[in-house]
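Residues per chain, in single letters:
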Amino acid sequence: DTGVSQNPRHKITKRGQNVTFRCDPISEHNRLYWYRQTLGQGPEFLTYFQNEAQLEKSRLLSDRFSAERPKGSFSTLEIQRTEQGDSAMYLCASSFRGLDGYTFGSGTRLTVV
Amino acid sequence: AQKVTQAQTEISVVEKEDVTLDCVYETRDTTYYLFWYKQPPSGELVFLIRRNSFDEQNEISGRYSWNFQKSTSSFNFTITASQVVDSAVYFCALSGPVGVSGNTGKLIFGQGTTLQVKP
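These protein sequence lines are chains A and B, in that order.
Numbering-wise, the first sequence is residues 1 to 113 according to my numbering.
Numbering-wise, the second sequence is residues 1001 to 1119 according to my numbering.
A hint or two may mislead.
[What the hints assert, rightly or not] Derived lysine to any residue pairs resembling SDA-like cross-links, with alpha carbons at most 20 Å apart: (1) B/1038 x A/41; (2) B/1038 x A/89; (3) B/1003 x A/59; (4) B/1038 x B/1086; (5) B/1038 x A/40.
For the record, the hints were derived by calculation from the structure and aren't laboratory data.
Everything numeric in this text was worked out from a predicted model, so none of it was measured.
Input sequences plus hints: build the corresponding full structure.
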């Protein structure tokens, strides 16, 4: 287990379609975070899981967004009825009890056309 | 509210020059953590350093050094003798004390500084 894995790396979708991204954290990491990064900006927090429990959601996470982490392992982020404004890099990060640095995945770049 | 400001949007230097990236933060927490990440063109965020609020010692790691000053709420990053491979976007980030008062440890990022090192 060499790091945080995110799939797919790139996704192009038509406006109005649903998309789902997957994040596989480092196996012993119980904390998992999703961030969104638009061009020229720093990553912005979306949501946080501790094990399987979703403990914090940003106001950026509209009703069209949903995230899960069944069994406290991998996590999925789904966007329903995508809009052009959803085009961004979606980053996943994990950590072990927050005691160390956060390890980020390579991200999923979403383009909504 | 927590906030991180990186006032320098872009910096361009010639190889072997020293360069300092500025970071100013705001927080009401007495315990907090500061980070620097590097984002090369490939997009992955690479962890560089984590510093807690009680440790004001400056740190040096090879050509990298960090200057943490609580009095000015700054956590600046200096690259000595810059190299072309240092070209990337650099982010400063802040998090609160994990597990205290419901703090989840989420990172608050600055807008980033794009560093271009020319040969």
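Status of the hints after comparison with the structure:
| no. | hint | result |
| --- | --- | --- |
| 1 | B/1038 x A/41 | holds (14 Å) |
| 2 | B/1038 x A/89 | holds (16 Å) |
| 3 | B/1003 x A/59 | holds (16 Å) |
| 4 | B/1038 x B/1086 | holds (9 Å) |
| 5 | B/1038 x A/40 | holds (14 Å) |
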